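Here is how the chains run, residue by residue.
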Amino acid sequence: MKLKAAIRYQAVELVQGAAAFCLIVGAIIVVFNLLSFSRVAQMTLPSLGFLPYVLMPLLALATFSDGVRFLMRMGLTRSQTIVSSVVSLGAVCLFLAAVEAVCAAFVPFWPLGQSLFLMTYGPQNGPLLDFLFTFLGCAATAALGLAFAALQMRFGTRRVVIVTVALLFAVGQLGPWAIADGWTWLFALAPGTSLANPFMLFAAVAALGLLAAWAASRRYEVR
Amino acid sequence: MRELRAEHLTKRFGKTTALDDVTLSFEHGKIHALLGRNGAGKTTLLGIASNRLIPTSGQVLVDGEPVTDNPRALAKVFCTGDVRMIPLSMYVDDLIGHMGRFHEGFDAKRALRLAKAFELDVKAKTGALSTGYRSICQLVLALALDVDYLLLDEPVLGLDAAHRELFYRLLMEDYLERGRTVVVATHLIEEVAAIVERVAIIDEGRLLMAASADELRASGYSVSGRAEDVRAYCEGLEVLGIDELGSLAMAYVQGEPVRERLTDRLDVAPMSLQKLFVELTGKGE
Numbered sequence: 001m002k003l004k005a006a007i008r009y010q011a012v013e014l015v016q017g018a019a020a021f022c023l024i025v026g027a028i029i030v031v032f033n034l035l036s037f038s039r040v041a042q043m044t045l046p047s048l049g050f051l052p053y054v055l056m057p058l059l060a061l062a063t064f065s066d067g068v069r070f071l072m073r074m075g076l077t078r079s080q081t082i083v084s085s086v087v088s089l090g091a092v093c094l095f096l097a098a099v100e101a102v103c104a105a106f107v108p109f110w111p112l113g114q115s116l117f118l119m120t121y122g123p124q125n126g127p128l129l130d131f132l133f134t135f136l137g138c139a140a141t142a143a144l145g146l147a148f149a150a151l152q153m154r155f156g157t158r159r160v161v162i163v164t165v166a167l168l169f170a171v172g173q174l175g176p177w178a179i180a181d182g183w184t185w186l187f188a189l190a191p192g193t194s195l196a197n198p199f200m201l202f203a204a205v206a207a208l209g210l211l212a213a214w215a216a217s218r219r220y221e222v223r
Numbered sequence: 001m002r003e004l005r006a007e008h009l010t011k012r013f014g015k016t017t018a019l020d021d022v023t024l025s026f027e028h029g030k031i032h033a034l035l036g037r038n039g040a041g042k043t044t045l046l047g048i049a050s051n052r053l054i055p056t057s058g059q060v061l062v063d064g065e066p067v068t069d070n071p072r073a074l075a076k077v078f079c080t081g082d083v084r085m086i087p088l089s090m091y092v093d094d095l096i097g098h099m100g101r102f103h104e105g106f107d108a109k110r111a112l113r114l115a116k117a118f119e120l121d122v123k124a125k126t127g128a129l130s131t132g133y134r135s136i137c138q139l140v141l142a143l144a145l146d147v148d149y150l151l152l153d154e155p156v157l158g159l160d161a162a163h164r165e166l167f168y169r170l171l172m173e174d175y176l177e178r179g180r181t182v183v184v185a186t187h188l189i190e191e192v193a194a195i196v197e198r199v200a201i202i203d204e205g206r207l208l209m210a211a212s213a214d215e216l217r218a219s220g221y222s223v224s225g226r227a228e229d230v231r232a233y234c235e236g237l238e239v240l241g242i243d244e245l246g247s248l249a250m251a252y253v254q255g256e257p258v259r260e261r262l263t264d265r266l267d268v269a270p271m272s273l274q275k276l277f278v279e280l281t282g283k284g285e
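Keeping their order, the protein sequence lines are chains A and B.
Using my numbering, the first residue of the first sequence is number 1, and each one after it goes up by one.
Using my numbering, the first residue of the second sequence is number 1, and each one after it goes up by one.
So that you can see chain B by itself, here it is in the shape it has in the complex (with noise of 0.2 Å):
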């Protein structure tokens, strides 16, 4: 089965826990978001997946094979991230030429282009580059780059609304054309809410949810109303959150709404992403 697999996944730092026994599977051909907070083992997961770290124990597969120090497995990833990994002193000229001789399947005219729509200089030098273009930067690579396990961490870091638009619009149009998998991690859920097929949350380094965007909205609901009507309706079932406000509250609700219950004081309304994620992790953003 085509897919990048992360088997039983633990990476320690000194006596810090960054990925406890994760097993992850990104399946080919999909959209997936990795969703987790600030320090959650985002990050740390796809260092591994594309072989900037090693696991402590367990390994990240790709199509089968361990991707770690192999070349025909590193071949099919292409990772961005805020990581410092590109020399500050380089063109961005002169990265998208090195680009082109390091990878087979990269689109020299294709970076232009994609710099040009996103008024990147290809003329400056990398460290001049203030942080949201130089995510824009590594963006316009992934996106000139034909490989089949595109990660993109935080890509959105630091730009603005109009250039996180174009980007998601360049990426779906990327996807609609490769039909590739991209695994885009995150804690801005909303944004990706819309685009991404298949969540998977991880906290304090381990893996909470997996599951397709659809099955996950459907995993739970919200009920508001008054607050003594919110607490009756809630009381023994599995309830993640209740927000107060005043004599008003709203609760967050896992399983299905149960109609007998409902009275005509309440309503009811899907859960969204952000909000399930916000009460699963259960620290609040």
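One chain only, chain A, in its complex shape (with noise of 0.2 Å):
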């Protein structure tokens, strides 16, 4: 009964924070053309294709500040925190990538014009492997930020913001032209790489975000 509660609550509470991004980015996009349209003014729209993925981890970190303690507060063990959290975000991924995957059948300049994966990969790839590209994507930065939040929380913010610093600043020194070809690799941009590089990464991401944010909330505490 509490489990099932907690998810109704962080996912309602997720979700319609997704949902108001996605108008707000929608208004936005609409203005944009309609300036263009009406000839006001000449402007260029970037691409917005790539927000979904920093709003997912905003919204782990968010859904840690207050909904784990609330959750706790409720009487849920940390098992069930986490198992709320990861499902609600869960939702929320889902919502993204339907929202994505509907704007690239029924949008015509979305295609070529905003969405992340069919821009990079080609329109030929169809809303489909957008949907999971998206799905996939917001899953694996939701699960880096709920590991940071959970990390965060298990050890202070203190710590984990040293910790977190200090790692991108050795993987920095490590080489940046390896870890450019890295990429390029992992996301099979280069010449001869397969489509289900990107997906493959984005599944082991989100897999080892879990893992750690699941090791770390053994042991967390609300003070």
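Some hints here could point you the wrong way.
[Claimed, not checked] Only pairs whose alpha carbons sit at most 27 Å apart, straight line, appear in this in silico DSSO-like list of lysine-lysine:
id, chain 1, residue 1, chain 2, residue 2
1, A, K4, B, K123
2, B, K109, B, K125
3, A, K4, B, K109
Source of the hints: derived by calculation from the structure; they are not laboratory data.
Given the structure is predicted, the values throughout are model-derived calculations rather than measurements.
Fit chain to chain and form the complex, with the hints in mind.
Next up, the structure:
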């Protein structure tokens, strides 16, 4: 009963947040197009397709700062709070992916103007693969956000931020060219690489993020 | 045996020891006072009992089951307190709605009645409530919830006299109706002295004393009179403290009055829980 109530509470909050985000982005796109169409101003609309991947970790962080505290007050165990957060964030990923796929299918300029996946890999890949890419990409960034939030709750903000910055710095020092080549290969941007690569990368990142969040949640405290 | 029990409970925050090997039982069906000065470890103890904190060592058992991350044990416990655990943007009526979904034994109608009695605005956001009304909001939830163990951490924080009186009356009615365990953690001893049956005193993370309220009251007495008479009376006795004002003095003594030392110039009176607490914790409020 409690887990069901927790998922309902978190999922509703998060999907509402994501819906508000979609409405704002949609409004920006409509205004840009109206201005261009009426020739009031000639502006090029930048691609906003990356925004869902930024939104997801922010939602994961937000749901941890308030949501998990509330769920623990309501008597949920630590495992239940993580399960509830993961299911709720998964629901948001599904929602964003569905919106992306619908736009890719029905909005004429979307595949070549706004869809990160179709712009990168070609519009011939279609809305279904776009859906999968968006879902897995959002899941991966959400899992990273969740892991960061859970580690922050377990070990404190200062330690986690210092370790994250140190890790990023260390990675930056380990040969930027090799890393750039690695990214190109992982995202299947190099000639001859498989389109499955980005999907596998996202799935692996999501799994690792969830594992880290789960491990950190075993002993986190609400103070 | 039905009880909420702390067993060799130790909790450290870095180098600070908040609880140090505390073993303590809150028997089912009684109102308990958990007394301690600010920073004594009361909130930490209740935090562990409500699964908010994890003990460094030891455990808290609810009816024999460890409470940490145990849904069955947690279903029997509800803890109120000043630790911010409710989103500030949540409306009070939404909170009442959520309580009903999370807890089978929550009576939303009763919560709304209690909110009305306390003049709590259910259309307000919890973040917009004053300290007193934040406490009231939590008390309303607690009193409308049917759980076996109700842990109230500084329940009257910020409440005015009328609301405090109303809360104590409602708490007594609730107790008589449900017969559940209530643990009131506070440093306002005199206010709870009339309603509690058992008292535990903790100081600097250690359990100083746990007994029935009557036993504690009978464990000491005060003797007053001229300072030299009082000092002469107290010689060799276990004196908790002496307050002197000019030529007059009042001593707080443990044990039974020594009849052969009493004279017409000395007055003996029972010791209040407040005074016993202040003298036991040894720093004066």
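We went through each hint and held it up to the structure:
Of the pairs offered as hints, the one joining K4 (chain A) and K123 (chain B) holds, with about 25 Å between alpha carbons and a cut-off of 27 Å not exceeded. With a C-alpha separation of about 19 Å, the suggested pairing of K109 (chain B) with K125 (chain B) holds against the 27 Å cut-off. Proximity of K4 (chain A) to K109 (chain B) is assessed by CA-CA distance (about 22 Å); at most 27 Å being required, the pair is judged to hold.
Violated hints for the displayed structure: none, as all numbered hints are satisfied.
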